[in-house]
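Starting from the structure of chain V, add chain R where the hints point.
Protein chains: 2
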Amino acid sequence: MTKRIRLILLTAVLALYSYATAEDGYRLWLRYEPLEDAADYLRQIGDTEAGETNETSALAVEELKLGLDGLLGTSRSSKAPKILLGTPESNKAIAKLDLDLSDLGEEGFWVAAAGTKKKKQIVITANTDQGVLYGVFAFLRHLQTEQDLDGLNLKSTPRIEHRLLNHWDNLTRTVERTMAGASIFNWFDLPYYVEPYYHDYARACASIGINGTVLTNVNSNATILRPQYLEKVAALADTFRPYGIKVYLTARFSAPIEIGGLETADPLEPEVIKWWTDKINEIYEYVPDFGGFLVKANSEGQPGPQSYHRDHADGANLLARALAPHQGIVMWRAFVYEFETQEDRHKQAYTEFTGLDGKFEPNVLIQTKNGAIDFMPREPFHPLFGSTPETPLALELQIAQEYTGGDIHMVYLAPMWKEALSADTYVEGVGSTVAKVIDGSVYGHETSAIAGVANIGNARNWTGHPMAAANWYAFGRLAWDYDLSSEQIADEWTRMTFGNESSTVETIESMLLASYENMVSYSMPLGLHHIMYPGHHYGPGPWHDEGRPDWTSIYYHQANEDGIGFDRTETGSDALSQYAPEIIEQWGSPKTIPEKFLLWFHHVDWDFEMKSGNTLWQEICLTYQEGVDGVSEMIGQWESLEGRIDEQRYARVSALLHRQLQDAKFYKDACLAYFHTFAQRPYPEGVEAPEYDLEHYKSFELYHVPGDPGEQW
Amino acid sequence: MTKRIRLILLTAVLALYSYATAEDGYRLWLRYEPLEDAADYLRQIGDTEAGETNETSALAVEELKLGLDGLLGTSRSSKAPKILLGTPESNKAIAKLDLDLSDLGEEGFWVAAAGTKKKKQIVITANTDQGVLYGVFAFLRHLQTEQDLDGLNLKSTPRIEHRLLNHWDNLTRTVERTMAGASIFNWFDLPYYVEPYYHDYARACASIGINGTVLTNVNSNATILRPQYLEKVAALADTFRPYGIKVYLTARFSAPIEIGGLETADPLEPEVIKWWTDKINEIYEYVPDFGGFLVKANSEGQPGPQSYHRDHADGANLLARALAPHQGIVMWRAFVYEFETQEDRHKQAYTEFTGLDGKFEPNVLIQTKNGAIDFMPREPFHPLFGSTPETPLALELQIAQEYTGGDIHMVYLAPMWKEALSADTYVEGVGSTVAKVIDGSVYGHETSAIAGVANIGNARNWTGHPMAAANWYAFGRLAWDYDLSSEQIADEWTRMTFGNESSTVETIESMLLASYENMVSYSMPLGLHHIMYPGHHYGPGPWHDEGRPDWTSIYYHQANEDGIGFDRTETGSDALSQYAPEIIEQWGSPKTIPEKFLLWFHHVDWDFEMKSGNTLWQEICLTYQEGVDGVSEMIGQWESLEGRIDEQRYARVSALLHRQLQDAKFYKDACLAYFHTFAQRPYPEGVEAPEYDLEHYKSFELYHVPGDPGEQW
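Top line first, the protein sequences correspond to chains V and R. If you read the first sequence in our numbering, its first letter stands for residue 1, the second for the next number, and so on. If you read the second sequence in our numbering, its first letter stands for residue 1001, the second for the next number, and so on.
Bound-form chain V, shown alone (with noise of 0.2 Å):
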């Protein structure tokens, strides 16, 4: 029998053993599975007394039962310490506790062990409903990762006030830039029909405090605003809702032309004002706590208050004006570039966004990426944070891996975010990171959001890999507290998608904070940038040189006989000169800059020594290699788990890991085949030369990659 052959009937077997098993990645990091040590907590959990309810705490309440008989089994003793759940108003048993819950705030909550040595109870309250499911979920997790319940105390309040998904999801049910099959939001059968699986996505959302989702594509769509429309949001806001979760839509700019029959879009025009004015209301009536609006103006093709010679804050204004009677925001899009200025694209939307600086109504957030160019593998932080002093920012980071290996590359992105977090932005001396301006500290604002454009469609298990589920995870942890380290939450996602074997956990925990860095070194390393192929962006293109300049790749590397990079200090386009002085004066010399960014900033000699003494030339080589050395090293770990994991999981990973090894060297090959025509050099010690020549690499194409908006409405 051919190893083909044994490859199929295994995976037939998988089928039928999948009818039984659910290890389908369905259930995300909410398994619930049978805990090994349950006997220690089955002594010190019992009945839960939740007081009133109403649909929120009764959530609470199923929940909790659903992950007591998951993880501890149904025959739990009513002798066990009880678990008080509820708020002071709701639980009168609570209210005798007398607690001070006035840090807790809207959200937060508190879960401790409680009472007297002959009387322990378990605590689970806060001041709401939603901050008690919040709470839930944590004392769950708490157990999902066999945590001690001895000195149990876990209070918590997010940082970030809104804490969003963005789903880029098409009307037509395609979903820009995600490979996990078709968008989650069956539109057709809404409003009539509110499949299980929206309370299943809300659970995993609220799993991780996430409350709020923007339903549409940046690219945006007016039939969203039609009643017919607005009927199957409400659907999906009713649903959702109970969970903590608000709805957001994306407005398109042009709607009053599109779908109002008006003349213009103008935002100064009273029509309009009064169109956007009459429409908001209307959301209102379906939506009494909508969210706001998301917009992507002018930006991309997408249409904004520019066409009409208007200023983004004009525009932002317009709608936040007709949002703020009812609590809404808008979240203004800071993605603005376009070639005509001449202007390196780096420094464009900081130039337009400063400038409008205390123009904006409260209630409007400029939502900006984490990085300057657009969601490469690695950024070093917008400029624009800390810079609008008067203007709240939310920051936007991307879950779906549109330049981080599609559905196909392992890839853990928390250490991505945790270095946009926690980047020193020194606009109010040390300390002023980002997390601290987007939380509203640096500079007293009262509003604060965080943005993930999701990965997430209709695929069994949401996120076409399963280790994707982990960066859905992530995001959420972050967004509460931006402050849990990669490695924390690697654990708890790991422990709870996977079981809590310490070898297990130990080597997938050791895959996940490797894969970023692999991830970078094998694409885009040491500030490289921009340089994927064109359209679908899955895959290398450094060699990219024609249409628009400041979407080929030649505009970002800049390679030739001297060197590559591109040079952003004063003797370039002097986007440097956009940080603080703390940032220019350290990224301002290829010696003194991070190794990470010296590409971003600087065009180097081939020859430039590194700090490994290396030259440049041979530091990319090494580097490539590097990280596609580390690729095969996931691989040997992967394989060490055979028969310790579920077969599914097990057999899904191995072949996708097999896969981005292939495309890691891929990826590498293709670039240094490239890069080596200019730098002539040759290849160090240690680094396997391209297989090829460069023309296989450039004739080599992918067609209809999923996710790819040029093959979708």
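Hints are not guaranteed to be accurate.
As the list claims (entries may be wrong) - Coverage of chain R stretches by chain V, computed from C-beta distances (three or more under 8 Å per stretch; other residues unrestricted):
hint, stretch
1, 1171 to 1184
2, 1477 to 1487
3, 1646 to 1659
What the hints assert, rightly or not - Partial list, derived from the structure: chain V residues whose beta carbon lies under 8 Å from chain R:
hint, residue
4, Y193
5, P682
6, P684
7, G686
8, Y703
The hints are simulated quantities; they were obtained by calculation from the structure and are not laboratory data. All C-beta atoms in this analysis are idealised placements derived from N, C-alpha and C, irrespective of residue type, glycine included.
Then chain R, alone, in the frame of chain V:
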């Protein structure tokens, strides 16, 4: 608590509940839930003895185990009668029985109680392992439907050779005319990862005898013929092969230009012939048992031989000759029509292909829809059937509910297909049914085929509407044996899908069997056809009169102040003349034609007296009303099942039925309001007048209807 909140909580509880149960439709009719009456079977079914196994028989053994474990539990007695499974070659115990399997052919099976009184046995045997696999499914179906094992004797051989699904799936993973999510074919992950669900797809197909699948849309894409994709096709072919399922592809006629770099696709040009020959040989290197090509040419914009002034035979034969050495076939679609000829669309395919009869290579079949327009809710049989004595015809049916309510309306299509299959063409006297033309017996054709346009997507339950799975099932059963009745098939499917509780079964069967006629009645009764909304085809559009005439509605209903209907007799287009004399005689007069076809062939006065005594106008109104009332009845029947079937499916079908009623009423109101402008006669008693004026219906729009090819690549 409002009704809405209660509904949401209920769905939330369902979501949690659905973690534990599996009535999400994924297992289709192969749920293998424990039988009530297991005890009786347990006495009669013991261990399985399979002899030697290979891929296919190993799957047969696995399926039998899966089925028996589920239906009867895992504690079966070794003392109960054994099941002998295999061919005489593979299983000595079966060889010893010296059975006469000569009439079973390559795919037939024989399942019977055998052995002696003392040593009872059950035998599942065939000439091939494929037949054995089919036998296992038949045996399990027997148990799933709680039939007696006394005198067990299931012997069956398929009557049609090629029994295919046609997936109108695009390489972008959109699916034309189906509303069940994305395409199940995850091309980007192939060939690296073959998901377990491909096996469950194959099992479902094999269980109903489907032995081939066309993977790509008839609105074709040449990219599937590139090596990069042939590799992916091979992975699917390898997966499906052990289940007896061959893969086929759609061939884009212009591929020599698009991917071959030639200047022409003229089928008589040597370089084009060479290109296709080489390409086909290449395909067989990847897929040694590749089934062949399905081709839509010179139809609705698809390229074809006529672009080079060649005919369909030229085009088909080019491919056929290259496929013949590999035993491949060509299914060349008869669905061709254009407006320039000014000939009734109904006549064109007949004219075209009867003229070419005798000119096709032996491995070409002309794939012909059941009727001469396009899968309308009811169509008289296509006059092409029986009119090509020298050329075999494949019957193309549509499982996808393009014109019959999408994945929203419950419409069981077996009665439609039975009507088509048992229609008597009279070409060789009485009994020359379409089925007998198709199976080759009328003209002694050796090759035969039947195809069903699939309704499958990556939705968890495969088909969107839970009841739509019954159509996939029914197609397979009829493809295997077209003499099975709609009732028997409905009974099988219902028992396998919902269990054997008799009143539940009765109720669901009754609904299924009424559903087709209801749909015809509330959409296009009495021979009305092609009056649906243009583009998305969901809902009514009898007023549509713009653009290409044979794509309007008025072309087909021709309503005016005198009457309505398309005169296809000798006083009109004379399409009727393409039928046999017996048909011409019976259908030639409005008085003798079955009323269900009246307006298909006759333009009839509004006051024409129907058999019922009503005028035509009254009958039209009453029939629409009947259809709407029929849906109300279905709702009443479904409500009686509350608490008797699982909550998940109960709720989903309930929501859909209410939407269906709303749609049915809208269809009726819109059509009657429109036709009333011509008839200008009172609505008869018993018919609710349209709720709104005509403008309301004409101005109603749906957006982004799933499956609309106008929104897909």
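Against the structure, the hints:
1. Counting residues of the stretch 1171 to 1184 of chain R whose CB falls under 8 Å from any CB of chain V gives 7; the rule of at least 3 is met.
2. For the stretch 1477 to 1487 of chain R, the assignment as covered by chain V is violated, since 0 residues bring a beta-carbon within under 8 Å of that chain's beta-carbons and 3 are needed.
3. As drawn, the stretch 1646 to 1659 of chain R meets chain V at 6 residues by the rule of a beta-carbon pair under 8 Å; at three or more, the given contact holds.
4. The interface hint given for V:Y193 holds, since its Cβ lies 4 Å from the closest Cβ of chain R, which is under the 8 Å cut-off.
5. For V:P682, the suggested interface contact is broken, since its CB lies about 33 Å from the closest CB of chain R, more than 8 Å.
6. This hint is violated: V:P684 has a C-beta 31 Å from the nearest C-beta of chain R, more than the 8 Å allowed.
7. At about 28 Å, the closest approach between the beta carbon of V:G686 and any beta carbon in chain R exceeds 8 Å, and the interface hint on this residue is violated.
8. Contact between V:Y703 and chain R, as hinted, is supported at the beta carbon level, the nearest pair being about 5 Å apart and thus within 8 Å.
Checked against the numbered hints above, the structure breaks hints 2, 5, 6, 7 and satisfies the rest.
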